[in-house]
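Chemist: Each protein sequence line maps, in turn, to chains H and R.
Per this note's numbering, residue -3 is the first one in the first sequence, and the count goes up by one each step.
Per this note's numbering, residue 108 is the first one in the second sequence, and the count goes up by one each step.
Source of the hints: derived by calculation from the structure; they are not laboratory data.
Be a bit skeptical, because a hint or two may be false.
[As the list claims (entries may be wrong)] Here's a subset of chain H near chain R, in silico, CB distances under 8 Å, partners left out:
| no. | residue |
| --- | --- |
| 1 | ARG168 |
| 2 | LEU241 |
| 3 | ASP257 |
| 4 | GLY287 |
Every residue, glycine too, gets a C-beta built ideally from N, C-alpha and C.
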Amino acid sequence: MSKSLLVIGAGLAGLFASVLAARRGASVRLIAEGRGGLALSHGCIDLWRDGELRFSLARLDRSHPLRLAGWPALESAFAAFLEIMHEARLPFAGSLDRVWRLPTALGATHITSGAPVSLASGTLDDPEPISIGNLPALRDFSAELVAAGLRSQGVDVRGIVELELPQPRSPRDLYPQEIADLFDDPDYRAQVVSAWKPKLRGVRRLGLPAVLGRDRALEAFASLEQDLGVAPFEIPTLPPSVPGLRIERALRRLAVEAGVDLIEGPSVRGEVDGRSAGKRVSGAVGATAGGPRGYRAHAVLLATGGALHGGWLSFANGEVQEAVFGLPIETSEDREDWAAPTLYQEQPFARLGLRVDARFRPCDRRGRPFFENLFAAGGLVAGSDRTFEGSRQGIDLASAFAAVEAALS
Amino acid sequence: MILPSQTTPKAAASLPFYDSDLCVKCNICTAACPVSGVTALFPGPKAVGPQMGRYWQPAHPAVDPATTWCSGCGVCSRVCPHGVPVAEMNIVSKAELRPGPRLSLRDWGLSRPAEVARWMRPILPLARIALRSAVLRRLADGLFGLAARAPLPDVAERPLSRTRADLVRREPAPRAADPRPRVAFFHGCSTEDYEPWLGQMTVQVLENLGVEVEIPPQVCCGLPLQSNHAFDAARQRARRNLAGLLPWVERGIPIVGTSTSCTLALKHDYRAVLGLAGAEVDSVSEGTYDLFEYLVHVLLPGLPDLRLQAVPLHVLYHAPCQLRSHRIGSPALQILRAIPDLRLEVSQTECCGVAGTYGLKSERYQVAVEVGRELFVQARTAGVDRVVTDSETCRWWIEGHSGIPSIHPVELLAAALGLPDLRRYGMSRP
């Protein structure tokens, strides 16, 4: 009989863990209260803010999730993710040994270790001058802002090109994913090419908001590159962010194809196995539209997110608990200590979460796991400020990989 | 925001007042909304829901007229990471936009499937000719706004409760020490009046698995009324159903249905949209199951070997939006995956478009078809033999637009259990 795994949470860590486990023959059920945060993601894999993780890893605190996962797990996780994305026709440029410096929608520089090819083409290490395309239909993206920001960093931005989208008059602003849908259609792209091409004389590299296709992004990008006669690249937008949605849709599809039972909507409460003297968990109970429904599994993986994502909850009476099993979260008594004096520095609250052992099992201060078969991955794991470190997706992938290894072993 | 002049206030005043403060405007619901994805006429669930909700006061509802484009599929509430009842807010808002105290003739008819069947039955041959006539359908489109190209179901000559009058009870049959599990079958209007053979098949499957089936007193669940802004009439149906089902629920007997929208109304809409409260509505909600949810969670937990026979078909399973709103995943898939030789593909489309009666309306028809297009194309390109989906309105709609026969998953289970066919009961699947 194959092992069963209950994954809770449908962000990058939960979806990636589900696909990995199902492909290894486990019977996987994924429960998530909402859809998960990939719609808010830039769609890249950030590993470390300066890219020097190989050297920094040994200097990290022993409880840091990347240190716990270790370099080999990180390497395997990264390779597995890139392979899955390749299979899903979302090829990435990625390496653990170099970084890509990419433009953001504010004209700042985003340092990342892996990016979809359409984003990676915007690398600021390429000395070729760039132009930025402005799509008036997409009010959430300002080419002027991008250009000003990049110029202030010394990037050679030649100009802004106003590019109207060929489409019927719309009574409202369009969202990025709606424009991306249009770009999936080859006929629409042909209209775009004939409308835009005359305006692109002299342009070599063209930065555009990341709206070039949703389910057929590779096809859309390749055909635009060929037919526009320029080297385009994408810049992630405000949410809903299309590069994140592409990853989400691909992982959900691959999960279901691999046999994952996907349950969306219920909030869940963990269940302890009554026959195990409190040593094991038996699964979780979902609060559905009707009555509670139980889901049993050999192992449970919590991928419910960190401080800002509902993985742990802070109550008015001072209690701070993990959301599904009510496990304790170690915090400072005084909540004044949770935040740093200014915004742009490392934040203590961001480091809060579950302490885990070497097998990514939530454990107490002395390293003793609360349950033999309960695991945690992603932002719920304590010990890192992922925003400050620029380590968010690296932690998601490495911890999910390590936790799946441990849960299925 | 200036209130649109055509609103008739107060319909929602008695309903739970939804707090919009939980919404962080992340737009995850907007990215998932199938309607705003295909028409710019709908600004999306967040824009008309929690965003407008900030201006909403119980005595002064603030409703964006574009909310009428919401199909009520419910995906926004399900994907929300903060538990905002976006769809429920919008369904309640839509009722505020009801043009007047009386429904149009079309909406009146669409919201009363049981009555329509009862009136058509005496003149069935004539009614069938009318429904199949392209000219008359075009006429109805122009006169009443009933979309000419929207597939409509056929009324059955005999309702299920007449064919299986032996199962109809006013109260659970008293019994001494019968260890057999039993269920109360909520057939809903579609299985009662339009597809009684499906109800018969369900009874056969349940009996084959050792379950005793009873048909409790029931009327239309009220969802079509709710979707057509007739909240008071919907509440009336809801109260009758609660009274009819309660004797079973009180004895711990599950209410089981094959129609995912009716069971969703019993579980969720009575409380969260119609605003009914109390112990009765809670216990009926908790005691109601989709057929496959019942099989997977209650009757066959852990899925024992059912010795299913091979069903050599290539099928595309689509979970109806209404089933997804149960927040139980797709329990039918677990059983379908156990059927030998069944080649199974799974749709990722959020909604087939029809959303109950939405797609049947001339003014919504084109948008509804666009919502389902990805699904129709997937079914055709994959070249499947059947589309499998749990809700009847989806089946009729998908079959009509993809040209591929669309069936309920219980039909595959019946085949895999090798059940005798329906002709024994003088019934046949059309």
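Chemist: The structure should be examined with respect to each hint, and the outcome stated for every one.
Modeler: Results for each hint:
1. ARG168: holds, 5 Å
2. LEU241: OK, holds: LEU241(H) within 8 Å of chain R, min 6 Å.
3. ASP257: holds, 6 Å
4. GLY287: GLY287(H) check passes; min Cβ-Cβ to chain R is 4 Å, inside 8 Å.
Hint violations for this structure: none, all hints satisfied.
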